[in-house]
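Start from the sequences, fold in the hints, and give me the full structure.
Heads up: the protein sequence lines correspond to chains B and R, in order. Counting in our numbering, the first sequence runs from 1 upward without gaps. Counting in our numbering, the second sequence runs from 1 upward without gaps.
Worth flagging that the hints you see were computed from the coordinates, not collected in a lab. The model shown is predicted, which means the values in this text are computed figures rather than measured ones. Careful, some of the hints might be misleading.
[To be verified] Dumping the calculated DSS-like pairs for lysine-lysine here, alpha-carbon to alpha-carbon at most 27 Å:
id, chain 1, residue 1, chain 2, residue 2
1, R, K256, B, K126
2, R, K384, R, K307
3, R, K116, R, K186
4, R, K82, R, K117
5, R, K186, R, K410
6, R, K173, R, K199
7, R, K28, R, K116
8, R, K28, B, K126
9, R, K173, R, K28
10, R, K307, B, K141
11, B, K141, R, K215
12, R, K412, R, K116
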Amino acid sequence: MDLILVNVIDGLVYGLLLFMLSAGLTLIFSMMGVLNFAHASFYMLGAYFAYQISLYLGFWVGLLIAPIVVGVMGAGVERYGLRRVHKYGHVPELIFTFGLALLIEELVQFLWGNNQMAYFEPEVLKFALFSVGDNAVAAYKIFMIFVSMGIFLALLYVLTRTRVGMVIQAALSYPHTVEALGHNVPMVFMGVFGVGTALAGLAGVIAGPMLGTFPGMAIMLGSIVFVTIVIGGLGSLWGALVASLLIGWMTTFAAASSFQFADILLAIGMERPDDMSESYIRDLWTMTLPQIGPILPYILMVLILVIRPHGLFGKRDA
Amino acid sequence: MRNTTKFGLSAALALTVSATAAFAENIKIAFIDPLSGPFATTGTQGLAEYNFAAENLVNAEGGVLGGRNFEIVSFDNKMSGKESLVQLQVAIDQGIHFIVQGNSSGIAHALTDAIKKHNKRNPDSRVLFLNYAAVDPALTNDKCNFWHFRFDANADIKMDALTDVMAEDPSLKKVYLIGQDYSFGKAVAAAAVSNLEAKRPDVEIVGNELHPIGKVKDFTPYARKIVASGADAVITGNWGSDMVGLGKAIVEAGFKGPIYTYYAASNGITRTIGAAGIGTINVVQEGAYNPPASDRAAAYVEAFEAKYPDHDISQARIANVIEMLARAIEEAGSADDMVAIANALESMEHDSIWGGKLFMRPQDHQLIQNVHVAEHTDEGIRFKLDNSPYGLLTKNTVEMAGMDSATTCKMKRP
Numbered sequence: 001m002d003l004i005l006v007n008v009i010d011g012l013v014y015g016l017l018l019f020m021l022s023a024g025l026t027l028i029f030s031m032m033g034v035l036n037f038a039h040a041s042f043y044m045l046g047a048y049f050a051y052q053i054s055l056y057l058g059f060w061v062g063l064l065i066a067p068i069v070v071g072v073m074g075a076g077v078e079r080y081g082l083r084r085v086h087k088y089g090h091v092p093e094l095i096f097t098f099g100l101a102l103l104i105e106e107l108v109q110f111l112w113g114n115n116q117m118a119y120f121e122p123e124v125l126k127f128a129l130f131s132v133g134d135n136a137v138a139a140y141k142i143f144m145i146f147v148s149m150g151i152f153l154a155l156l157y158v159l160t161r162t163r164v165g166m167v168i169q170a171a172l173s174y175p176h177t178v179e180a181l182g183h184n185v186p187m188v189f190m191g192v193f194g195v196g197t198a199l200a201g202l203a204g205v206i207a208g209p210m211l212g213t214f215p216g217m218a219i220m221l222g223s224i225v226f227v228t229i230v231i232g233g234l235g236s237l238w239g240a241l242v243a244s245l246l247i248g249w250m251t252t253f254a255a256a257s258s259f260q261f262a263d264i265l266l267a268i269g270m271e272r273p274d275d276m277s278e279s280y281i282r283d284l285w286t287m288t289l290p291q292i293g294p295i296l297p298y299i300l301m302v303l304i305l306v307i308r309p310h311g312l313f314g315k316r317d318a
Numbered sequence: 001m002r003n004t005t006k007f008g009l010s011a012a013l014a015l016t017v018s019a020t021a022a023f024a025e026n027i028k029i030a031f032i033d034p035l036s037g038p039f040a041t042t043g044t045q046g047l048a049e050y051n052f053a054a055e056n057l058v059n060a061e062g063g064v065l066g067g068r069n070f071e072i073v074s075f076d077n078k079m080s081g082k083e084s085l086v087q088l089q090v091a092i093d094q095g096i097h098f099i100v101q102g103n104s105s106g107i108a109h110a111l112t113d114a115i116k117k118h119n120k121r122n123p124d125s126r127v128l129f130l131n132y133a134a135v136d137p138a139l140t141n142d143k144c145n146f147w148h149f150r151f152d153a154n155a156d157i158k159m160d161a162l163t164d165v166m167a168e169d170p171s172l173k174k175v176y177l178i179g180q181d182y183s184f185g186k187a188v189a190a191a192a193v194s195n196l197e198a199k200r201p202d203v204e205i206v207g208n209e210l211h212p213i214g215k216v217k218d219f220t221p222y223a224r225k226i227v228a229s230g231a232d233a234v235i236t237g238n239w240g241s242d243m244v245g246l247g248k249a250i251v252e253a254g255f256k257g258p259i260y261t262y263y264a265a266s267n268g269i270t271r272t273i274g275a276a277g278i279g280t281i282n283v284v285q286e287g288a289y290n291p292p293a294s295d296r297a298a299a300y301v302e303a304f305e306a307k308y309p310d311h312d313i314s315q316a317r318i319a320n321v322i323e324m325l326a327r328a329i330e331e332a333g334s335a336d337d338m339v340a341i342a343n344a345l346e347s348m349e350h351d352s353i354w355g356g357k358l359f360m361r362p363q364d365h366q367l368i369q370n371v372h373v374a375e376h377t378d379e380g381i382r383f384k385l386d387n388s389p390y391g392l393l394t395k396n397t398v399e400m401a402g403m404d405s406a407t408t409c410k411m412k413r414p
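Here you go:
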């Protein structure tokens, strides 16, 4: 029972982290129809910038400044890169963001090297807030939960309750009409891209100390973020939230379980073969749920694409 | 007209050929390991150590065979078996005869197979495989071959040393095993189970688990299970980012007991684990840095850290590989006759720069050497790791570990 409770908390932390990444990506996609392959690279940049700033000014200044720097860079990429490529169609845009991802990874390796950076949580949050059974829950994790929840509520408020949000939503579906009404749609696009990348940067700032700040961190989360927005439905903020939490809990519980597939085989009346190498399903006999945990989100994505191609909350096909 | 061109071309060709022959040609060593991706840290560290060892232990001493220098040529295998075989072929095509690789026993298996076949089919361009870190015991047992030499103590030998230390702890009741899901991780788990059964039958193994290698983003769920299992100690063979993540998660989850590891040092691991690792992290290794074995060893580490401030000497055996290879080439009197060099390496006895003797066991090509268990601490540390206050302090030493260990190797000699 204790273990279930800590897993709920851990899964929530991981899920909300995924949400911060996927929220920006899904917004960018729904506006511009661009799948930004470099999105996770902005997440990595956030962590590295925050690390660099924290060396001189401490963690909290890094938390404030690094996402802004990343956001400004993102806006710059949209203004001077994507916008120029846009007129050649979607494929050049994809290739552009893909190249950007490679470029950023090389740049990070060039500037900071291959080693994991000594980027840690601030001293004030470096204690176990409470324990469930013997398992300690770090204060920093609770802090992460609050930051991400705050971001979600702020985004929801801006998108649904403010004038800016209305313009963005309108520009999503009828960009030409909105432009004819006198709004600067390219400016809105640039803003959304900037905010989306800033969110990814913020995710990097707070995930860096927990998951490690190293050049492979973008690749590690890159593919799972795409899975999240496909499951949640492209362009849907709620979808991104639900899918992120789903994936967070699914992978956490899978990794924490000790379920063996041999149990099913025994339950349906099969006998464990003495010589495994003779058995056609020897992999099934030795497989455990934690081993296949990381591929569960991908299986879910395939199922979603088959059953409900527009995702859980999406309004159009993926 | 045409004849003059032909003549000019062949003259130019002849000139270049004789020009290269006139200079003492470098002896090239192909370094095939991950230099990008999640395990790049480990690869670049090894590369730095190889470059430094070749430069300082061989080239600065006047080279081998009367002035020929060692040159390390790096190949990025991206941690993939397929890519490693491609890079092996590229290295062979470049006329390189010496292959060093170490990260991942899975890749070492692929390479040793490929090299065995290559040497059989191409007796004129044979290559040697100097394995400096892949420690799956099978490589010097069932899968052994004449061209493969292992310079690290294998997983069984290391586990033997680790469990010797663990067996002395009377409070030890429950042990949790966790490792990466591939040949090496499985070998570590099997060795731990058999050693603990033999030395401490009263100890219960409360968990024996493998996780996907290089794929786990957050190790917290695994750490939760370990804490919930009530284990007193953890054994893991994890390396690279998998070790950083696991070590950090276990300590953060409130685990207080010792963690016995193979590779929990340097590459950012020491710094990340930091103060939490004192009294917790134990590492079994073949090199001893604190206290240093000799003035020569201390000077070597100091010179390395001056040249590569961002790296550490974390794989002491790399110096052994270079020194022993240089000796074997001298003894064989040739850098091209692989059979003679392999014969010279076989049963070579060498005084290691790290103290103690080295002996290349001829029956399976496993290097026999002293194995140490060291603890992560900030006291009595002369050579720190990761530019942090922490380092490894040698606690126990097993002299010539595994000297009499059995092997199933049936070596076929050419």
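Of the numbered hints stated previously, which ones are contradicted by the structure, given in increasing order? 8, 9 and 10
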